[in-house]
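Here the protein sequences come in this chain order: G and D.
With this note's numbering, the residue at position 122 of the first sequence is 122, and numbering never jumps.
With this note's numbering, the residue at position 80 of the second sequence is 80, and numbering never jumps.
If you are wondering where the hints come from, they were derived from the structure by calculation, not from laboratory data.
Note that the structure is a prediction, hence the values are computed from the model and not measured.
Be aware that a few hints might be false.
Derived DEER-like restraints, expressed as beta-carbon distance ranges [what the hints assert, rightly or not]:
hint, chain 1, residue 1, chain 2, residue 2, range
1, D, 202, G, 203, 23 to 31 Å
2, G, 86, D, 12, 28 to 36 Å
3, D, 202, G, 22, 24 to 32 Å
4, G, 146, D, 20, 28 to 36 Å
5, D, 215, G, 11, 28 to 36 Å
6, D, 5, G, 125, 18 to 26 Å
7, D, 182, G, 188, 56 to 64 Å
8, G, 70, D, 201, 24 to 32 Å
9, G, 70, D, 27, 43 to 51 Å
10, G, 132, D, 201, 29 to 37 Å
11, G, 227, D, 201, 37 to 45 Å
12, G, 34, D, 230, 49 to 57 Å
13, G, 218, D, 5, 43 to 51 Å
14, D, 182, G, 62, 42 to 50 Å
Glycine included, every Cβ here is placed at the ideal spot set by N, Cα and C.
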Amino acid sequence: MDEQERLIDMQDVSVRYPNGTEALKKLNLHIKKGEFLFVVGSSGSGKSTFIKTLLGELPVASGSVSVSGRRLDKMKRREIPYYRRSLGVVFQEFRLLDDRNIFENIALAQEILGVHRLRIKRNVGMMLEMVGLQGKAGAFPQELSGGEQQRAAIARAMVNRPGILLADEPTGNLDPDNSWEIMKLLEEMNRLGTTVIVVTHNNEVVDKMKKRVVVLKNGNLVSDEEQGGYIQ
Amino acid sequence: MRTLCYGLKQGIKNIGQNRLFSLAAIGTIAACLFLLGLFYVLVSNFQHMVFNAESAVGVTVFFDEGISQEQIKKIGEEIRACKTVEKVVYISAEEAWENFQKEMYSGEEQISDTFGDDNPLKDSSSYEVYLSDVSNQAGIVHTIEKMDGVRKVNSSGTVADSLGSFNSLITYISAGIIVLLLLVSVFLISSSVAVGIRVRKDEISIMQHIGATDLFIKLPFLVEGVLIGLAGAVIPLVLLGFLYQRIVGFILGHFSVLSRWLTFVGMAEEFRVLLPLSLAVGVGIGFWGSFSSVRKHLRQ
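Turn these sequences into a full structure, and let the hints guide you.
And the structure:
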């Protein structure tokens with residue numbers, strides 16, 4: 001792979017928790033701009049650690065991680081918020097703020113960037129339409145279904161137009177129909193140019209979508225296939 | 001600027017949403033500042049009364065027999081030049097005799113009339129020296145005794161020493177209690193904010209994930225802390241002002257016989273210190289309490 005094509009470049013990356021557990025062991029992984037990638041593996045395989053490392057939540061013990069040309073392993077604490085603005089994140093439990101309506105939840109990501117109120121209104125409106133939640137702007141998270149809440153979370157993750165979307169078990173709390181809807185939405189984001197990385201347990205989704213699949217086991221990368229399937 | 005607006009809006013919203021915690025924190029600060037104000041008012045009034053009592057404790061300086069008026073004047077100037085001497089009053093021999101007659105022969109003028117124009121106290125002209133701090137009385141007495149032309153110095157050393165020591169004791173005790181109360185306030189506000197942060201742990205974590213800077217996350221909590229501190233300072237000030245007027249009015253109205261000793265500091269004078277002090281302490285502990293709690297949480 002040409003070095004310039006690499007959006008995410010992980011070389012010999014090891015990550016250790018304070019108790020000494022090595023959750024990622026000399027991981028080598030290269031992700032191109034515009035790719036759609038599944039990261040699968042059983043519990044304790046290092047999937048969550050992989051996401052947390054890319055989010056800058058865990059320090060890299062050894063090796064190097066480069067994201068969009070920025071060295072994550074050398075990044076100072078104060079630089080991390082600015083780095084995270086280049087990412088969109090979606091979680092299994094949606095993580096919307098219950099005391100704010102859907103518009104305010106999505107607008108928060110733009111408020112952090114200091115975007116003007118009128119532009120926020122326009123951008124949030126566009127995102128709501130994109131994820132099919134037009135007319136739900138004033139609703140509170142608890143008034144929406146799980147699928148709708150995850151759509152709102154995707155809208156929040158994407159409203160700042162990040163280059164990378166990280167999704168940690170995005171269908172974990174959804175029924176099969178809603179899971180498919182969410183995956184279609186992520187595929188749509190990918191089609192529009194965003195690099196999408198999905199950590200999942202959902203074998204059905206992985207097998208059907210025929211995307212690149214990276215398998216982790218005990219912190220090691222055991223398989224990396226273009227159009228792969230789910231392997232435990 | 002937008003971050004500041006967001007912080008203000010969200011901080012005010014947070015107070016409303018966490019009504020119970022906010023009320024608990026306001027109550028805590030208000031209670032501590034009320035006690036602080038109460039101590040301040042008590043101490044300042046006590047000191048005021050002690051100062052008045054101290055002012056009444058004078059030192060009397062008598063001169064050698066046959067001393068000239070010029071020498072007396074010179075002694076007066078030397079005494080005035082001493083530190084902590086607040087006032088020097090000259091009592092002539094005639095005034096001394098008049099005062100003596102008033103005190104001793106009031107109503108029995110026929111006895112004093114037997115003296116005619118003769119003044120038995122003709123060599124008893126004196127200076128009455130008043131000090132700003134009676135704890136220095138012994139030193140001043142010693143200095144005056146050494147001056148040329150001074151025959152005798154009368155002083156009430158016991159009263160001066162007792163008042164001086166008692167005043168110092170009260171100042172130290174009240175300063176200690178006030179510092180203790182401030183520490184308790186800081187601890188309580190910091191605990192209240194920490195509880196508030198625990199409740200909003202998820203919110204902070206979400207904001208961190210979507211790229212919020214520490215300042216952006218801290219600002220609403222700081223606004224919240226400052227507003228809580230402000231409210232916690234204003235409430236006891238209003239209460240103290242109201243109570244002070246009522247209580248002083250009641251004492252002066254019902255115990256007029258004690259009015260010679262019970263002299264109170266005016267409310268405007270009390271609040272000239274208490275108002276900025278309470279506001280600064282309230283806002284300060286609100287800010288510091290929330291700042292330390294948020295910083296601790298963000299560092300975890």
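Taking the hints in turn, this is what the structure says about them:
1. D:202 to G:203: 23 to 31 Å: Holds: the Cβ-Cβ distance is about 30 Å, inside 23 to 31 Å.
2. G:86 to D:12: 28 to 36 Å: holds (32 Å)
3. D:202 to G:22: 24 to 32 Å: With Cβ atoms ~29 Å apart, the hint holds.
4. G:146 to D:20: 28 to 36 Å: holds (30 Å)
5. D:215 to G:11: 28 to 36 Å: Because 34 Å falls inside the window, the suggested range holds.
6. D:5 to G:125: 18 to 26 Å: holds (21 Å)
7. D:182 to G:188: 56 to 64 Å: holds (59 Å)
8. G:70 to D:201: 24 to 32 Å: holds (28 Å)
9. G:70 to D:27: 43 to 51 Å: Hint holds: Cβ distance 48 Å, inside 43 to 51 Å.
10. G:132 to D:201: 29 to 37 Å: At 31 Å between Cβs, range holds.
11. G:227 to D:201: 37 to 45 Å: holds (41 Å)
12. G:34 to D:230: 49 to 57 Å: holds (53 Å)
13. G:218 to D:5: 43 to 51 Å: Between residue 218 of chain G and residue 5 of chain D, where Cβ atoms are some 49 Å apart, the hint holds.
14. D:182 to G:62: 42 to 50 Å: holds (48 Å)
Going through the hint list in order, the structure satisfies each hint without exception.
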